[in-house]
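*Asks:* Each chain, written out:
Protein chains: 2
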Amino acid sequence: MSLVIVGSVAFDTVETPFGRRERIVGGSGTYCSLAASYFTRPRVVGVVGRDFPRKAIDLLESRKVDLRGLKTKSGKTFHWEGRYGKDPNLRTTVRTELNVFKDFRPDIPAAYRNADIVYLANIDPDGHEPILRQFRKPKAVAMDTIRFWIETKREALIRELGRVHVYFANDEEARLLTGELNLVAAGRALVAYGPSLVVLKKGEHGALVFGRDFIFGVLAHPSAHVVDPTGAGDSFAGGFLGYLDQAGSFARREVRRAAVYGSVLASYAIEDFGVDRFRSLDCAAIESRYRDFKRLISF
Amino acid sequence: MSLVIVGSVAFDTVETPFGRRERIVGGSGTYCSLAASYFTRPRVVGVVGRDFPRKAIDLLESRKVDLRGLKTKSGKTFHWEGRYGKDPNLRTTVRTELNVFKDFRPDIPAAYRNADIVYLANIDPDGHEPILRQFRKPKAVAMDTIRFWIETKREALIRELGRVHVYFANDEEARLLTGELNLVAAGRALVAYGPSLVVLKKGEHGALVFGRDFIFGVLAHPSAHVVDPTGAGDSFAGGFLGYLDQAGSFARREVRRAAVYGSVLASYAIEDFGVDRFRSLDCAAIESRYRDFKRLISF
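Protein sequence lines, in the order shown, are assigned to chains A and B. Quick note on our numbering: the first sequence kicks off at -2 and runs consecutively. Quick note on our numbering: the second sequence kicks off at -2 and runs consecutively.
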């Protein structure tokens, strides 16, 4: 199969209890494609400015990420700055400079248009249609969102949930969108909006996957030190969709495994600043932690 | 083996989004012994006033709970009143009338003194010693605590952790006692205080069990409706210790199963007000949900 990821490729400035890093490489498309690259050859659609460093491109290429859909425009790359306190689940956005990402109207390369899985990583819900109509007939469309779109484009977002197959949300987003405090009720309400799979991410508490008639729970890897939580959700999505793309099936058994691989990739991403952990991460480490997940919950 | 539970037998007045119940039967000893009764014949040590109803005694006796250690004193039964909002993890104590529980200095019946497992359910840490010295040589002593003792008798509590084998804490208590926000770090810090097993309960997110050199995670049963969260923690402890008492072993495999049974019992307890769910709960329902837990997490 083939997976196309439409998302941001960006600079992040982050401050966590472990330190501060200025203008390191980040973005939903970056994390997601790096995580997916352990299972498939993801194709990225995004835009960067002329200030985007060759070194970052090298990392993506070394992981065999297909970058034909990544355009360089005159101007500056999207820059997000955020700060985490002691609680890695709470973050403060200090600034968001959209720069070249502001007018992101992606042209999907001809070679990408027969994608089996299309992932819209935090795209303006009103921007979905112009992107999706460029694809032939994907087997699955996946999306996530952020608080900003829930608060400003709620109706458009709910409309889009009616046509995607997979929706990734974190606990805060699920509660905000459904008005349900109980996460099981929230997950079921989200499935009722349309997606056949809702992946509800709960940070240190793991994730729940809701289908039409099943529910699957995965714990988070028990990490005592979270160096930089940025990109955990995008890495989860990348591991999840990358595995499904490799498996070539959305059978329930594969969905369960995909959720565990998503957790594995997220657990590694947060062990170092930005995408640094991906520089040394190999498939053996991923398989080893997959087995750890099995041991953690076996009874 | 045999299990002795030292704890409160009480009246609770609770208000939840599902309604209000006045002076229904509750107390840590009550919930814990009812939950344990599906695995073993628990022995209760506690005190009630002359106002305690025969009907409640009948329920405990119908579950074959050994009540030789439950004393009736002139005066009124311990009465706690609390309120839950939409979030079942947050509760407000409206009042606590200790009544006959105030001067609870238990005499352990001779027939109980050879207990294999002794559970001190929320006992003043300075009251542990006079209780424990009445037992011959328990294989395991278990305890839990509440915020009140952490705030007022921190040092005594840490001293007691040095001599118990099993410590049950919820996430808030674990963080408060260790100063660690990260629950994995908190669980490890608690093991370092002495207990060979620390059971860290996380409400709707399940529980983590920390041992000297292993960690086990169990999810909560995905309940969309929590009618009354009172007693969930005590029911967990009862299911956990009751199962271990029946198993006759603290082998790691049994500890894992015990944690799942603890979750099963807690998940049933919160489905109705007070101890009402125990009136109809049978072993077949417990085994059925145990299998549900396996399905929930299998991959």
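Derived from the structure by calculation, the hints contain no laboratory data. Each hint should be verified, as a subset may be incorrect.
Heads up, the list lumps identical chains together, so a pair's fine if it works in one copy or across two of them.
List time: in silico DSBU-like cross-link candidates among lysine-lysine, alpha-carbon distance up to 30 Å [what the hints assert, rightly or not]:
(1) K199 x K73
(2) K83 x K199
(3) K150 x K99
(4) K199 x K291
(5) K70 x K52
(6) K83 x K291
(7) K134 x K73
(8) K68 x K83
(9) K199 x K70
(10) K52 x K199
*Asks:* With reference to the structure, classify each hint as holding or not holding.
*Replies:* To see whether the hints hold, each was checked on the structure:
Taking the shortest alpha-carbon separations for K199 and K73, neither the intra-copy value of 33 Å nor the inter-copy value of 44 Å comes in at or below 30 Å. In this assembly of identical chains, K83 and K199 lie within 30 Å of each other by CA distance both inside one copy and across copies; the values are 17 Å within and 19 Å between. Proximity of K150 and K99 under a CA criterion of 30 Å is satisfied intra-copy only: 17 Å inside one chain copy versus 57 Å between copies. For the homomeric pair K199 and K291, the shortest alpha-carbon distances inside one copy (19 Å) and between copies (20 Å) are both at most 30 Å.
In the homo-oligomer, the alpha carbons of K70 and K52 lie at most 30 Å apart inside one protomer (18 Å), although the nearest pairing across protomers, at 78 Å, exceeds that limit. In this assembly of identical chains, the alpha carbons of K83 and K291 lie at most 30 Å apart only when taken from the same copy (29 Å versus 34 Å across copies). Taking identical chains as interchangeable, the C-alpha atoms of K134 and K73 are never at most 30 Å apart, the minima being 34 Å within one chain and 72 Å between chains. For the identical chains of this complex, K68 and K83 are neighbours neither inside a copy (37 Å) nor across copies (47 Å), given an alpha-carbon limit of 30 Å.
Taking identical chains as interchangeable, the C-alpha atoms of K199 and K70 are never at most 30 Å apart, the minima being 36 Å within one chain and 48 Å between chains. With identical chains, the CA atoms of K52 and K199 are never at most 30 Å apart, being 33 Å at best within one copy and 43 Å at best between copies.
Hint compliance for this structure: hints 1, 7, 8, 9 and 10 are broken, all remaining hints hold.
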